[in-house]
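In the numbering used here, the protein residues as written are 324 to 612.
Please note: incorrect hints may appear among the correct ones.
Restraint-style ranges between C-beta atoms, simulated for each label pair [unchecked claim]:
{"no.": "1", "residue 1": "336", "residue 2": "369", "range": "46 to 56 Å"}
{"no.": "2", "residue 1": "350", "residue 2": "601", "range": "22 to 32 Å"}
{"no.": "3", "residue 1": "452", "residue 2": "505", "range": "18 to 28 Å"}
{"no.": "4", "residue 1": "463", "residue 2": "425", "range": "18 to 28 Å"}
{"no.": "5", "residue 1": "372", "residue 2": "336", "range": "50 to 60 Å"}
{"no.": "6", "residue 1": "344", "residue 2": "421", "range": "20 to 30 Å"}
No farther apart than 25 Å at their CA atoms in a straight line, the calculated lysine to any residue pairs in the SDA-like style are these [to be verified]:
{"no.": "7", "residue 1": "378", "residue 2": "584"}
{"no.": "8", "residue 1": "453", "residue 2": "397"}
{"no.": "9", "residue 1": "409", "residue 2": "378"}
{"no.": "10", "residue 1": "584", "residue 2": "597"}
{"no.": "11", "residue 1": "378", "residue 2": "506"}
{"no.": "12", "residue 1": "378", "residue 2": "597"}
{"no.": "13", "residue 1": "358", "residue 2": "466"}
Simulated from the structure, these hints should not be mistaken for lab results.
Quick reminder that beta carbons are idealized off the backbone N, C-alpha and C, glycines included.
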Amino acid sequence: MEKNLNQLKEHIRAVEETRQITNAMYLLSASRMKKLRQHVDYNREYFNRIRSAVKDILSRSPSLEYEYLTQRPVRRAAYLVIAGDKGMAGAYNHNVLNLASRIIDRQPVRPYIATIGILATEYFTRRGQKPDHAFPGMAQNPSLGNARQVKDTLVALYDSGEVDQVNLIYTRFLNASSQYPRQVRLLPLSIRDYQNVTVEYDYDLDMIYHPSPERVFYELAPQYAVGLLFGAMAQSYASEQSARMNAMQNATKNADELIAKLRHAYHSARQLRITQELTETVAAGLLRQ
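Model the full structure from these sequences, guided by the hints.
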């Protein structure tokens, strides 16, 4: 009986320590989410406006010539896969890496694989598909500077002809309870990629671009690429924190329920021990009589 009581006490102590960890991780993720939400909302608005302007130019300038509008045969594609540096984030990493593996495995020629996030790099390495390029330290630091660095690397691949298409696989953040992995194309650009984009101003007259549509588009395209990459990195990070926050909240709740059951079991066992001791004492007294 004493041994069982000690085991229950140790179990309760272990669960309480685990609860402290999960609750601390929940509070940390919640704090990060609070800071990230504003950045994600700002980026989404900025990116939507750029996409609106790009669609407007493409739809009204059919003869526009630009190197990144040229659709060429895809001999080899590139995929940038964004995951996290850490686990304990629910199904966040599993979902995006599962989507990435399905897409990559369907390619007739081994694609160029780039990764953001330690878990993405380790995942493809274990599968015998070691990434061609990894961007360390960026999963936890989605910034415009890092987005520009990634953009320069991917655009250089496309310019050199090493790849004929550049795609992103990341987790889109809708809200704290809804995120899903998706694939988008970065290069080349196509009016078909803007089917669901709403043009900010609807007008019937011809728009005059100064000094020319080509020049305006030439200035917008790099901003579009950086905005898309930054948005993918920021939304992935927000999705990771949101998934971790929900997972740790559930873990803390489960720990509370388990602690309550263990304490009930402990008190029941302790009460049983006291009852047995009283019974044995009374029985011993009766025997002496």
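Results for each hint:
1. Here the CB-CB span from residue 336 to residue 369 is close to 50 Å, well matched to the stated 46 to 56 Å.
2. Checked against the given bound of 22 to 32 Å, the beta carbons of residue 350 and residue 601, roughly 46 Å apart, lie outside it.
3. About 21 Å separates the C-beta atoms of residue 452 and residue 505, a value consistent with the hinted range of 18 to 28 Å.
4. The hinted range of 18 to 28 Å is satisfied by residue 463 and residue 425, whose Cβ atoms lie roughly 26 Å apart.
5. About 55 Å separates the C-beta atoms of residue 372 and residue 336, a value consistent with the hinted range of 50 to 60 Å.
6. Take residue 344 and residue 421: their Cβ atoms lie about 27 Å apart, and the range 20 to 30 Å holds.
7. This hinted pair does not check out: residue 378 and residue 584 have alpha carbons roughly 60 Å apart, beyond 25 Å.
8. For the hint linking residue 453 to residue 397, the alpha-carbon distance of about 22 Å falls within 25 Å, and the restraint holds.
9. Our distance criterion of 25 Å between C-alpha atoms is broken by residue 409 and residue 378, whose separation comes to about 37 Å.
10. With a C-alpha separation of about 20 Å, the suggested pair residue 584 and residue 597 falls inside the 25 Å cut-off, and the hint holds.
11. Annotation: proposed proximity of residue 378 to residue 506 holds, straight-line Cα distance about 20 Å (limit 25 Å).
12. Only pairs whose Cα atoms come within 25 Å are accepted, and residue 378 paired with residue 597 is rejected, the gap being roughly 79 Å.
13. With a C-alpha separation of about 13 Å, the suggested pair residue 358 and residue 466 falls inside the 25 Å cut-off, and the hint holds.
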